[in-house]
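*Asks:* So the chains spell out like this:
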Amino acid sequence: MNSRTAKKAIGGNSRLLDLHRTMLLIRATETALSKLFADGEIPGFIHLSLGQEAVAAGVCSALGPADTLATTHRGHGHVIARGIDLGGFFKELMGREGGQCKGRSGSMHVADMGLGILGANGIVGASVPLALGSALAHQTRATGGIAVAFFGDGAMAEGALHEALNMAALWSLPMIFVCENNGWSEFSPTARQFRGKLANIAGAFGIRHIHVDGNDAEATADAAREAADHARATGPVVLECMTTRFHGHFEGDPQKYRDSEEMAAMAAGDPVARSRARLIELGMAAADLDAIVSETEARVAAAVEASRADALPDFDATLADVYTPMGAH
Amino acid sequence: MADTRYIRAINKALADAMDADASVVLMGEDIADAGGSFKATRGLLDRFGPARVRDTPISEGAIVGAAVGAALGGLKPVVEIMFMDFVTLAMDALVNQAAKSRFMFGGQASVPMVVRLPHGGGLNAGPQHSQCLEAWFAHIPGLKVLCPATVEDAYSLLRAAIDDPDPVVFVENKALYAMAGDLPEEPARASIGKARIARQGSDVTLVTYGATLFNCLKAADALASDGISAEVVDLRSLQPWDKETVLGSVARTHRAVVAHEAVRSFGVGAEIAAVIGEEGFDDLDAPVGRVGAPFMPVPFARSLESRFIPDAAAIQAAVVASLA
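Residue numbers (my numbering), protein chains in the order written: chain W, 1 to 329; chain Y, 1 to 324.
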């Protein structure tokens, strides 16, 4: 590639640079969360998406404002890529009043209805019927939107997925089934948990299956665009993104079940390192990329500081808010 | 309209709600072409079309899960689960998703959906087509649970359930579907959480809901001939339930018996009896009695099932015991 095309590729609003920025924000967020969790500043369980940033960035790059998504317990990347307010996100995970969900959801249920985020989910596979229903609403109300169900390869063994594939196909719903296949069903290799192949399952329902290297941000973005176009024009589509889970099932999981060879090989597939190398190859200066990392980390650090300073949620107000308040509807 | 059947009141409530609000959609197994197993949705496909009256595959979990997603997306789904027993396949969707979404999202969105669940025995349908599982749902913060006994309530409460911004579990006793009653031309709007005093009395309060209301009224008639005046409170709504009306009645009668078709142990009656004990203790002249089905699955044989379902005599006996 000559220098003119390189400049064109990365100049202005280059898509790869945008994807890279999104991935850096996810990376910085997850890295900060890892430390906060280790320091006891995050209650409960968190499941980090380190290593899976390209799927979140790539898929969300194909979505428009009317589109909706439902995600999983490993959903930080998706909500960040969709544009969730970083302050509200950190406050939520740290259990503060100003949290996106007022400190009631934590990591596993964080939602932003304004962005069409129907929540992360604590139940494996549960995101899929939720997105199915959202797609049904898009179709019935003719919103022009599509719904995305993120799920992991572990959810392939859940009945909800199979029921939803059938219904999406029956009704030609505008929906993308995005499988983040990291090869691990919680603490077990998926090869030992699931005999089928997602391509075959999709095929059984006559649903198109797109397979992509989910650690390649550009390839994932291309595939997601193709899937979104298909969902809008024709109906459901499965997008299977092969990716890598750097950390354990939950943060703090010592991962004694993974061998050192696999762990060592992970760095080679690092989606963030790959997009950085590609940008440098296209002519971008390493120093400029480093500057983006610093800015991003500073943004995250500011969000963490603001969260620490935020008030704790009020118990009585929480208790009084189990049902929609009278007159609010 | 006098002599309107209960099932017809359900059908009319669905139709009127769909007329009133274009976001109301129906989903369920065999509800469109077939008009529903019990014909609750008869004629609605022709009137409202397949996008609003949607036949689903036999996938209860995905149906209810999709209803949650649809409710978050601006629709008001009304799901029919063919028999209440089948809701076991949709428990994640109802308990973990529908009930909690509004709360755990910090109130960002409500989940306006109704799940209609035909419960109850009397059809010799056996252990997996006859259960009364409403207590499970009354135990879940975030759900509302209604169980209308009369034709007018079937209509008015279903309209209220569909209008409600939160997920409502709407329980209909199958044995009542063919019952005829009066449905006014302009039925009054019901408010969720209000009980009705179905019969006034002074010696004992019978607290009940659903089909057992009629056994309570029968028992009250029999007791009257023995000079015992029983007040009958029809709860109509189990979550929330009308504590004020129940405690107010007990304050006048000083005795209470709670009766329902569901298994007695850990049932709705246990909660009501406990609250009467806690908050109405000073008004009580006798322990609160409980009448419910014995602790066994609903048996099939006609002879077995008829003994399983609490009848008027059982209610009468519990009242006599509380007066002893």
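By construction, these hints were calculated from the structure, which means they are not laboratory data. Where hints are given, some of them may not hold.
To be verified - Cβ-Cβ distance ranges computed for the label pairs, FRET-style:
{"id": "1", "chain 1": "Y", "residue 1": "ASP3", "chain 2": "W", "residue 2": "GLU186", "range": "56 to 64 Å"}
{"id": "2", "chain 1": "W", "residue 1": "GLY44", "chain 2": "Y", "residue 2": "PRO127", "range": "46 to 54 Å"}
{"id": "3", "chain 1": "W", "residue 1": "LEU319", "chain 2": "Y", "residue 2": "ILE58", "range": "54 to 62 Å"}
{"id": "4", "chain 1": "W", "residue 1": "TYR257", "chain 2": "Y", "residue 2": "ARG302", "range": "33 to 41 Å"}
{"id": "5", "chain 1": "Y", "residue 1": "GLY277", "chain 2": "W", "residue 2": "MET326", "range": "56 to 64 Å"}
{"id": "6", "chain 1": "W", "residue 1": "PHE187", "chain 2": "Y", "residue 2": "GLU244", "range": "19 to 27 Å"}
{"id": "7", "chain 1": "W", "residue 1": "ALA191", "chain 2": "Y", "residue 2": "ASP16", "range": "51 to 59 Å"}
{"id": "8", "chain 1": "W", "residue 1": "PRO254", "chain 2": "Y", "residue 2": "ASP282", "range": "53 to 61 Å"}
{"id": "9", "chain 1": "W", "residue 1": "ARG232", "chain 2": "Y", "residue 2": "ILE58", "range": "41 to 49 Å"}
{"id": "10", "chain 1": "Y", "residue 1": "PRO57", "chain 2": "W", "residue 2": "ARG195", "range": "52 to 60 Å"}
{"id": "11", "chain 1": "Y", "residue 1": "PRO184", "chain 2": "W", "residue 2": "GLN193", "range": "20 to 28 Å"}
{"id": "12", "chain 1": "W", "residue 1": "GLU186", "chain 2": "Y", "residue 2": "ALA270", "range": "51 to 59 Å"}
Since the structure is predicted, the reported quantities are computational estimates derived from the model, not experimental observations. Here a beta-carbon is modelled for each residue, glycine too, at the ideal position from N, C-alpha and C.
*Asks:* For every hint, state whether the structure bears it out.
*Replies:* Hints, one by one, checked against the model:
{"no.": "1", "hint": "Y:ASP3 <-> W:GLU186: 56 to 64 Å", "verdict": "holds (59 Å)"}
{"no.": "2", "hint": "W:GLY44 <-> Y:PRO127: 46 to 54 Å", "verdict": "violated (39 Å)"}
{"no.": "3", "hint": "W:LEU319 <-> Y:ILE58: 54 to 62 Å", "verdict": "violated (39 Å)"}
{"no.": "4", "hint": "W:TYR257 <-> Y:ARG302: 33 to 41 Å", "verdict": "violated (56 Å)"}
{"no.": "5", "hint": "Y:GLY277 <-> W:MET326: 56 to 64 Å", "verdict": "violated (29 Å)"}
{"no.": "6", "hint": "W:PHE187 <-> Y:GLU244: 19 to 27 Å", "verdict": "violated (51 Å)"}
{"no.": "7", "hint": "W:ALA191 <-> Y:ASP16: 51 to 59 Å", "verdict": "holds (55 Å)"}
{"no.": "8", "hint": "W:PRO254 <-> Y:ASP282: 53 to 61 Å", "verdict": "holds (59 Å)"}
{"no.": "9", "hint": "W:ARG232 <-> Y:ILE58: 41 to 49 Å", "verdict": "violated (29 Å)"}
{"no.": "10", "hint": "Y:PRO57 <-> W:ARG195: 52 to 60 Å", "verdict": "violated (23 Å)"}
{"no.": "11", "hint": "Y:PRO184 <-> W:GLN193: 20 to 28 Å", "verdict": "violated (58 Å)"}
{"no.": "12", "hint": "W:GLU186 <-> Y:ALA270: 51 to 59 Å", "verdict": "violated (37 Å)"}
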